[in-house]
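Protein chains in written order, with the numbering used here: chain V, 1 to 227; chain D, 228 to 454; chain W, 455 to 724.
Treat the hints with care, since some could be wrong.
[Stated by the list, open to error] Using 25 angstroms as the maximum straight-line C-alpha spacing, the simulated SDA-like pairs for lysine to any residue come out as follows:
(1) D:K318 <-> D:P246
(2) V:K127 <-> V:R89
(3) V:K91 <-> W:K517
(4) D:K403 <-> W:R624
(5) V:K141 <-> V:L165
(6) D:K277 <-> D:N342
(7) V:K8 <-> W:E590
(8) D:K369 <-> D:F387
(9) V:K8 <-> D:D305
(10) V:K50 <-> D:A265
(11) D:K235 <-> V:G9
(12) V:K127 <-> V:L149
(13) W:K517 <-> W:A505
(14) V:K141 <-> W:L584
(15) V:K91 <-> D:E393
(16) D:K318 <-> D:N342
(17) W:K494 <-> W:D556
(18) D:K373 <-> D:E390
(19) V:K50 <-> D:L234
(20) V:K127 <-> W:D524
(21) W:K540 <-> W:H579
(22) D:K318 <-> D:E278
(23) V:K8 <-> D:R296
(24) D:K354 <-> D:F387
(25) V:K50 <-> W:L682
(26) V:K50 <-> D:D274
(27) D:K235 <-> D:A292
(28) V:K50 <-> D:E278
(29) D:K368 <-> W:M622
(30) W:K494 <-> W:H512
(31) V:K8 <-> V:G66
(32) D:K235 <-> V:R81
(33) W:K708 <-> W:L682
(34) V:K8 <-> D:R308
(35) V:K141 <-> D:E393
(36) V:K127 <-> D:E390
(37) D:K318 <-> V:A38
[What the hints assert, rightly or not] Pair by pair, the computed Cβ-Cβ distance ranges are:
(38) W:L583 <-> D:G262: 22 to 32 angstroms
(39) D:E264 <-> W:R592: 47 to 57 angstroms
(40) W:R639 <-> D:R381: 49 to 59 angstroms
Hints listed in this document are in silico derivations from the structure and should not be mistaken for laboratory results.
We put the beta carbon where it would ideally sit given N, CA and C, even for glycine.
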Amino acid sequence: MPVDAYLKGCIEAALLTTPGPVTENSILDAAENSGIEATDIRSILEDLRKEWEEQGRAILLEQVAGGWRTATRPDLDDFLRHFHGLNSRQKLSQAALEVLSIVAYRQPVTLPEVNFVRASNSSSVMKTLLDRGLVRIAGRKKVVGKPFLYRTTRDFLIHFGLESLEELPDPEELVKEPELNSPNGEMCAPSGDPCGGLSRESEMGDEESSLPEDEIRVSPSEDSQSS
Amino acid sequence: MPVDAYLKGCIEAALLTTPGPVTENSILDAAENSGIEATDIRSILEDLRKEWEEQGRAILLEQVAGGWRTATRPDLDDFLRHFHGLNSRQKLSQAALEVLSIVAYRQPVTLPEVNFVRASNSSSVMKTLLDRGLVRIAGRKKVVGKPFLYRTTRDFLIHFGLESLEELPDPEELVKEPELNSPNGEMCAPSGDPCGGLSRESEMGDEESSLPEDEIRVSPSEDSQSS
Amino acid sequence: MTEKTSSRLNSPTTVLPAMPPVEIPEFKGPLDLLLHLIQKNEFSIYDIPIAIICRQYHEYLEKLDLLDLDTAGEFLWMASWLLHMKSRMLLPRENPEDGGADPREELVERLLEYRRVKEFASLLHEADLLRSCLWEARIARNIGSEQLEVDWEDVDLRLLAETYVETMDRFAASHPPPLKIRPMRFSVAGKMRELYDRVHREGSMSLLRHLDSRPDPEEVVTLFVATLELIRLGGVLAEQRRQFAEIYLRPGPKVVDLQNMTAPEYENAG
């Protein structure tokens, strides 16, 4: 159908010319008075995703941070790094990942709170995360000293391939006594397919409020059995 | 052939991740020691051009002076203009961000003062900020011409999670070190709040014209002593 | 570079004979080390034998070469906490009615939480590796300006502050501070007297070394002008044997009466 083909072109062009994820709503807004419905847009996006994958295109379509984003195939990374002259990539340090984890689960959170959980000073690490745009300052806490509150950014979601914060695995599920190393939140890219596999819609999803404090903490009753 | 398919992916990815034209040489350089010849690259580029056209994709490959350039199909221009125009409403230009930061830290401030600091006319940017409800007019300055004084709005505070302007951190300090005092002691006691010190109480207070003139003007009086 | 502790903790250490031969992994803090000890011993986190852990913790602490005071403080704080717990465990529970709160309770809580953080961090690590190799398409828009824009949503206090600082820096760069002419703190006549007296008293002096020893550039300039004046008047001679070598000042052929020299003649020359 010509209308569909045109709309498909529009959506593909919008995706390729926009840095960051494109929301379905923004496409809908731009296509107003063309009689297009939200469901049409979604189905075209799904079609595009399938098509690009089947045709072995250099780019894939993924759903992150509440929108759709283009990303090159992982196997092309080596070439692209050469091509763009990027020698090495900065991996996040263990400390940075820890601080990021705490911010992700307890946001908004202050630096003293992060320091407490890690029992270690995290201010320089926090600065690195701010510089990399993975966390942001989100106001100040109304306590003495008014410390800054930190939250994760949209780039955090994009970088880790999350649609929203609700997709974070349940911290209680992450560790199970007695076997220590069995993380079963299969967050982000599972082995084969870093881009497509992100679709576990709302397994952990829709419970209210993102992780209040008591949820991440062990209730005292549990400990008392132990003694 | 698998090698060809891979190379084709590489070239497509290079084209799609580069806003300007891509030269055949730059591809050749990046693909070194893979045994690829310049002629292979050219023929793949020709193939891609044909393929994109035949498949009715949103993008065209065109040979321009500097190499090969990816461009969206001309018939999509209307949609894209609309799409990016709508999207830019949630965006802030660099100029707008600059004006906003000047108003935030030097309020109340007049447009001539902002223009002087930025060395360029900021009136249309100021209007955008007014329209978006981030700054407001707060009286007139009692100087020749009675220019309007600008201040930030409540929405501005809400966005940054601040209760009042006194909570605006000192910009120099913030850029250097996001958290000024992070003593180690807090590891054991998260409740009491160690990181105070940022609230620069009075500096932004309500005194008239916070732009200290002498700070940014070359005063002729001083020079005159010298001779 | 973000992690100053890691490099410290990795510095080579001698293995004490009492310790089993283990390599020292990177510990991100005292809780990390404690968790490591508990896992290594296969203790239950809910029933930590504090005395054993306390001893092992101290043994490790001795092996770690903690040069950084802050980091050392963090590890030592934990050590003292463990000791405190150990002593409380030795005491009989005074009051069984109050539930006999286990002194280890808070530690367990904190260890459990920290372990969750570590687990989540390792998930993030895998995702970081996998997803860092994805590139976003970035072809130019044909229309509209490619002006730099930020999402308002992404503007936080730090970006606002950064923008302000950059704007003001740019302003400062294009408006250098007004030239201030201060009264001269050193007079050429005074320096001439000083040099002349010294050269005649000591018979010789090293000019360059003397200039180097003066921290104030204004004084250096004044001294240099004074030297030139003295040479012109014949009060001193300058001698240099090689290019760029030291310049020696010696008494000159003429006697210069500097005491009666009128100051303004020299003060205005500078």
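Here is how each hint holds up against the structure:
1. D:K318 <-> D:P246: This hinted pair holds, its Cα atoms lying about 20 angstroms apart.
2. V:K127 <-> V:R89: 19 angstroms, holds
3. V:K91 <-> W:K517: 28 angstroms, violated
4. D:K403 <-> W:R624: 17 angstroms, holds
5. V:K141 <-> V:L165: 21 angstroms, holds
6. D:K277 <-> D:N342: 52 angstroms, violated
7. V:K8 <-> W:E590: Judged against 25 angstroms, a Cα distance of about 19 angstroms means the pair holds.
8. D:K369 <-> D:F387: 31 angstroms, violated
9. V:K8 <-> D:D305: Holds. K8 of chain V to D305 of chain D sits at ~14 angstroms (cutoff 25 angstroms).
10. V:K50 <-> D:A265: 33 angstroms, violated
11. D:K235 <-> V:G9: 22 angstroms, holds
12. V:K127 <-> V:L149: 13 angstroms, holds
13. W:K517 <-> W:A505: 19 angstroms, holds
14. V:K141 <-> W:L584: This hinted pair is violated, its Cα atoms lying about 35 angstroms apart.
15. V:K91 <-> D:E393: With Cα atoms ~38 angstroms apart, K91 of chain V and E393 of chain D exceed 25 angstroms; violated.
16. D:K318 <-> D:N342: 22 angstroms, holds
17. W:K494 <-> W:D556: 23 angstroms, holds
18. D:K373 <-> D:E390: Between K373 of chain D and E390 of chain D the Cα gap is close to 30 angstroms, so the pair fails against 25 angstroms, i.e. violated.
19. V:K50 <-> D:L234: OK: K50 of chain V and L234 of chain D at ~22 angstroms, within 25 angstroms.
20. V:K127 <-> W:D524: This hinted pair holds, its Cα atoms lying about 17 angstroms apart.
21. W:K540 <-> W:H579: Between K540 of chain W and H579 of chain W the Cα gap is close to 36 angstroms, so the pair fails against 25 angstroms, i.e. violated.
22. D:K318 <-> D:E278: Violated: K318 of chain D and E278 of chain D sit about 35 angstroms apart, past 25 angstroms.
23. V:K8 <-> D:R296: Between K8 of chain V and R296 of chain D the Cα gap is close to 21 angstroms, so the pair holds against 25 angstroms.
24. D:K354 <-> D:F387: Roughly 21 angstroms separates the two Cα atoms, so the pair holds.
25. V:K50 <-> W:L682: Violated, at about 85 angstroms.
26. V:K50 <-> D:D274: 22 angstroms, holds
27. D:K235 <-> D:A292: Holds. K235 of chain D to A292 of chain D sits at ~22 angstroms (cutoff 25 angstroms).
28. V:K50 <-> D:E278: Holds, because 18 angstroms separates the two Cα atoms, which is no more than 25 angstroms.
29. D:K368 <-> W:M622: At roughly 22 angstroms apart (the allowed maximum being 25 angstroms), M622 of chain W and K368 of chain D satisfy the hint.
30. W:K494 <-> W:H512: With Cα atoms ~15 angstroms apart, K494 of chain W and H512 of chain W stay inside 25 angstroms; holds.
31. V:K8 <-> V:G66: 20 angstroms, holds
32. D:K235 <-> V:R81: 16 angstroms, holds
33. W:K708 <-> W:L682: Roughly 15 angstroms separates the two Cα atoms, so the pair holds.
34. V:K8 <-> D:R308: 16 angstroms, holds
35. V:K141 <-> D:E393: Holds: K141 of chain V and E393 of chain D sit about 14 angstroms apart, inside 25 angstroms.
36. V:K127 <-> D:E390: Answer holds: K127 of chain V to E390 of chain D is near 24 angstroms, not above 25 angstroms.
37. D:K318 <-> V:A38: Holds - the C-alpha atoms of A38 of chain V and K318 of chain D are around 23 angstroms apart, at most 25 angstroms.
38. W:L583 <-> D:G262: 22 to 32 angstroms: 29 angstroms, holds
39. D:E264 <-> W:R592: 47 to 57 angstroms: Between E264 of chain D and R592 of chain W, where Cβ atoms are some 28 angstroms apart, the hint is violated.
40. W:R639 <-> D:R381: 49 to 59 angstroms: At roughly 54 angstroms between Cβ atoms, R381 of chain D and R639 of chain W fall inside 49 to 59 angstroms, so the hint holds.
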